[in-house]
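Sequences are here, hints too, so could you generate the full structure?
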Amino acid sequence: MKTAQAESQTATNGATMTPVEKASPQAAETHPVKMTARKVNVFYGAKQALFDVDLEIRDNAVTALIGPSGCGKSTFLRCLNRMNDVIDNCRVSGEIRLGDTNIYGAHIDPVLLRARVGMVFQKPNPFPKSIYENIAYGPRIHGMAERRAQMDEIVETSLRKAALWDEVKDRLQEPGTGLSGGQQQRLCIARAIAVNPEVILMDEPCSALDPIATARVEELIDELRENYTIVIVTHSMQQAARVSQRTAFFHLGNLVEEDETDQIFTNPRDKRTQDYITGRFG
Amino acid sequence: MSRRAADRLFRFSLRSATLAAALALVFVTFFVGYEALPALQAAGAGAFLTDPSWHPASGTFGLMPMVLGSLAVSLLALVLAAPLGLGAALFENFYAPPVLRGLFQRAVELLAGIPSVVYGLWGLVVLVPLIAKHLAAPGTSILAAGLVLAIMILPTMALFSSAALGAIPAEQYRAASALGLSKWTALRTVLLPAAGRGIMTGLFLSFARALGETMAVLMVAGNVPQLPSSLLDPVRTLTANIALEMAYATGAHRHALFFSGFLVMAVTLLLVTLAGRSEKKEARP
Ligand SMILES: Nc1ncnc2c1ncn2[C@@H]1O[C@H](COP(=O)(O)OP(=O)(O)OP(=O)(O)O)[C@@H](O)[C@H]1O
Ligand SMILES: [Mg+2]
Numbered sequence: 001m002k003t004a005q006a007e008s009q010t011a012t013n014g015a016t017m018t019p020v021e022k023a024s025p026q027a028a029e030t031h032p033v034k035m036t037a038r039k040v041n042v043f044y045g046a047k048q049a050l051f052d053v054d055l056e057i058r059d060n061a062v063t064a065l066i067g068p069s070g071c072g073k074s075t076f077l078r079c080l081n082r083m084n085d086v087i088d089n090c091r092v093s094g095e096i097r098l099g100d101t102n103i104y105g106a107h108i109d110p111v112l113l114r115a116r117v118g119m120v121f122q123k124p125n126p127f128p129k130s131i132y133e134n135i136a137y138g139p140r141i142h143g144m145a146e147r148r149a150q151m152d153e154i155v156e157t158s159l160r161k162a163a164l165w166d167e168v169k170d171r172l173q174e175p176g177t178g179l180s181g182g183q184q185q186r187l188c189i190a191r192a193i194a195v196n197p198e199v200i201l202m203d204e205p206c207s208a209l210d211p212i213a214t215a216r217v218e219e220l221i222d223e224l225r226e227n228y229t230i231v232i233v234t235h236s237m238q239q240a241a242r243v244s245q246r247t248a249f250f251h252l253g254n255l256v257e258e259d260e261t262d263q264i265f266t267n268p269r270d271k272r273t274q275d276y277i278t279g280r281f282g
Numbered sequence: 001m002s003r004r005a006a007d008r009l010f011r012f013s014l015r016s017a018t019l020a021a022a023l024a025l026v027f028v029t030f031f032v033g034y035e036a037l038p039a040l041q042a043a044g045a046g047a048f049l050t051d052p053s054w055h056p057a058s059g060t061f062g063l064m065p066m067v068l069g070s071l072a073v074s075l076l077a078l079v080l081a082a083p084l085g086l087g088a089a090l091f092e093n094f095y096a097p098p099v100l101r102g103l104f105q106r107a108v109e110l111l112a113g114i115p116s117v118v119y120g121l122w123g124l125v126v127l128v129p130l131i132a133k134h135l136a137a138p139g140t141s142i143l144a145a146g147l148v149l150a151i152m153i154l155p156t157m158a159l160f161s162s163a164a165l166g167a168i169p170a171e172q173y174r175a176a177s178a179l180g181l182s183k184w185t186a187l188r189t190v191l192l193p194a195a196g197r198g199i200m201t202g203l204f205l206s207f208a209r210a211l212g213e214t215m216a217v218l219m220v221a222g223n224v225p226q227l228p229s230s231l232l233d234p235v236r237t238l239t240a241n242i243a244l245e246m247a248y249a250t251g252a253h254r255h256a257l258f259f260s261g262f263l264v265m266a267v268t269l270l271l272v273t274l275a276g277r278s279e280k281k282e283a284r285p
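Chains as they are written, first to last, in full-length UniProt numbering: chain A, 1 to 282; chain B, 1 to 285.
Derived lysine-lysine pairs resembling BS3-like cross-links, with alpha carbons at most 27 angstroms apart:
no., chain 1, residue 1, chain 2, residue 2
1, A, Lys129, A, Lys169
2, A, Lys123, B, Lys183
3, A, Lys169, A, Lys123
4, B, Lys183, A, Lys129
Reference listing, derived: stretches of chain A covered by chain B, where coverage requires no fewer than 3 residues with Cβ under 8 angstroms from a Cβ of chain B:
no., segment
5, 78-88
6, 103-115
7, 132-144
8, 188-194
Derived coverage of chain B by chain A (criterion: at least 3 residues anywhere in the stretch with Cβ under 8 angstroms from a Cβ of chain A; other residues may be distant):
no., segment
9, 160-172
10, 185-192
Derived by calculation from the structure, the hints in this document are not laboratory data. Predicted model, so just to flag it, every value in this text is computed and none were measured. The beta-carbon is built from N, C-alpha and C at its ideal position, and this holds for glycine as well.
Structural data, given as structure tokens:
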């Protein structure tokens, strides 16, 4: 675990922040497929937001979704854990598989699905409860711990994985809302980890954070890759380049192209991708 | 007029309005207290508690039957209205289809606007005969008054709960859903606790409203100044007592009525203060 000193050093580097180490492209290529989207169309009322999206999400890798505002990144992300179900006029068609199961299948309970596919939101949103309770809440409801000691352990491991333990271990009973923005976001990541999901979805998780906290969370995402499948929406090309192994570029509701992150940023096949990453629109 | 002067004028008129309202409250309290004082001096506060009954003509001023009557009908109303109001607020915020939502709000507000004498009339013509026929004559009773009051305080309870639930950021609900919780679990374990203080405010104000209500209760409670022993007994509330006797009361009798008015006012002020406090704590993060 890094010390606070090391953290502030990374921060003083500012713009020239060292990119986190990346797995070699070959390694990413060999990752098995975790989730598969086939012909996914999404409508808000009569307005179509996604058109025939086909995408494979690889296990133990970070997939970045990029594209101009309103192109459907969040919409696609929400398809992956059926959070679109919560939106009144939203309709999804097509097929999305998690492993072998079609998550839009008739017998699938979206509530249980969301325990397997967790989500971290753009704005940190801890519950108005203590730090401990924020983490313990999900596992308790899902009956994951029988005794207090087991719960204590889940809380500690989750906070450690989210690189927050050292900062909060002496004040677990204080309200989660009293933490700084960056700490709150890591608390939300810990909360998502605590129910032991297979996939973690993150919708612009750093957009409310300062550069120091952003670096901390990015580092964390890279560590989490070892045990989880991660899909992250971001508006920052640098961030996509730093944390992801694969990148998908969306434009006007279409998936334009998806490839190795290096490939997308150095040698995109589509003109629209090139225009976007060189900042010509968006 | 310069903007600064306009600003100052505006602030001045706001302050005067606030001051006028505060002065009115102080004045009314002072007046009622002043009129009640002789009653305390003549009989002593204990007499109101210990006198066996309320027979002002023969000089016994026991308020106990009325105090208990007021408490009984108000508590019954609260017990009935609190779960209903909360349930209505939950339905409106989380289960009703969007088209129903606005309609529902409008209906509750309408319910709040109906004059109390109309509720009383409904109780007298519909509820009291029903109770008399199926449970026990004469029908005018704690039960009748409690039911009528419950409907009257329902809007207060529903509107305050709804406001408290509506004030919780939608992210809280989404965060809970994303953890794999059903709607009901999320409501029960995250949203209701978060809205707790706002709901408490609603409870206090509903109770205050029930205690203070006079007309509707007077029409259906039976108004017998006796210690009640069952829900079907007629009772007289403190407020009904004042309304019934003030017109002809003189001397000690009159002062005793003022004293009971003072009592109702003190309890109401206490409840409103409690409501205000629970709201203020909520505002703090
Ligand atoms: N709840 C909704 N109701 C109606 N239309 C919506 C809703 N959510 C999104 N949309 C529409 O769907 C399209 C895609 O939206 P989405 O939020 O997925 O874009 P995005 O790529 O995440 O954009 P941003 O980068 O700004 O977050 C947009 O045109 C948007 O207006
Ligand atoms: Mg978005």
